[in-house]
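2 protein chains.
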Amino acid sequence: MGRWEPNTRERLAEAALELYGERGYEQTTVAEIAGRAGLTERTFFRHYGDKREVLFAGSGELEDLFARAVAGAPESAAPLDAVGAGLDAVGASFAGRRDFARARQAVIMANAELRERELVKLAAIAAALARTLRGRGVPEPAASLAAEAGVAVFKVGFERWIGPGEKRAMPPLLREALAELRAVAARP
Amino acid sequence: MGRWEPNTRERLAEAALELYGERGYEQTTVAEIAGRAGLTERTFFRHYGDKREVLFAGSGELEDLFARAVAGAPESAAPLDAVGAGLDAVGASFAGRRDFARARQAVIMANAELRERELVKLAAIAAALARTLRGRGVPEPAASLAAEAGVAVFKVGFERWIGPGEKRAMPPLLREALAELRAVAARP
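Protein chains in written order, with the UniProt record's numbering: chain E, 1 to 188; chain X, 1 to 188.
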């Protein structure tokens, strides 16, 4: 990316989200997105493969960040504590992105194909976490269960974070959701 | 369904699974499924809307059964104990269906569109369980977390049940997975 195009990627993503919100995802074309951002279609395609990728480009990074933080947790950490370290890293990475996340979620919830894509991405994150935990020596089924629990906590904490009027940062919301999961799973 | 067509639905499902396994899901036509079962296409369409529905016709029943058992758990049951009652009911309903489930899973894993459909069905089950738990007075986020945990336990237990050489019935495998989830979530 040349220096004559500062924040091009972000400008394109914001223009896309605006248009998806205004006229619907299906009705928006790449030409319109580029136009709204004051850029060309060619520039769009240097940054995104298609208009769907604007919504999911961050999913791969999220998976990597989550898995790397789990892998990097202290060797002595129990499986769900390692997942908690991953949740902290993930939560921190969303700082300053709440408005974008809210707009993105509204677009995704309005479109069945995008909801399916989101479920596929979350399933890929769970699979990556389970692999990472097995790499830490966690046996099955504990690895898969801790991984699925981590994704459930992320989903619940994320939904709270984008909820109407919510002001708290994501990390404490994720920590709260993890504590709640532990409470739900505790034998009375 | 007339009495002159005993087990028609099951015969069609078995024929479909055989063909999906032999030549692939995409390559199989409804006419071939009906032919293999010794029935007509018209009969097929009296039982299934299309060839995909053969694989997912049971998902709605599974969701209902799971949610009804959670709803019917003793009033005093904690959220995850109510989910456990649901898992028992679900596990019992799979008795005698292991070969079909194995064949079905192989078809689904080989096709991205079917994998997405399966994730959508599991997400629908989690949403139904969360609704049911809220109906039992469980607040959020405990309801969603217990629901997601229940689906995670189902997935993990189900995968064990269809695993190579596995002979145990599904209910004890689901109970084991639930106990494992509790152990994973327990503070050390």
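Honestly, the hints are just simulated from the structure, not real lab data. Be careful, since some hints might not be right.
Heads up, the list lumps identical chains together, so a pair's fine if it works in one copy or across two of them.
To be verified - Calculated cross-link-like contacts (lysine to aspartate or glutamate; reagent style DMTMM-like; alpha-carbon spacing at most 25 Å):
no., residue 1, residue 2
1, Lys51, Glu22
2, Lys121, Asp50
3, Lys155, Glu41
4, Lys121, Glu159
5, Lys121, Asp81
6, Lys51, Asp88
7, Lys167, Glu53
8, Lys51, Asp99
9, Lys155, Glu140
10, Lys167, Glu113
11, Lys155, Glu113
12, Lys51, Glu176
13, Lys155, Glu180
14, Lys51, Glu140
15, Lys167, Asp88
Checklist line | Hint numbers not upheld by this structure, sorted from lowest to highest | finding: 3, 6, 7, 10, 12 and 14
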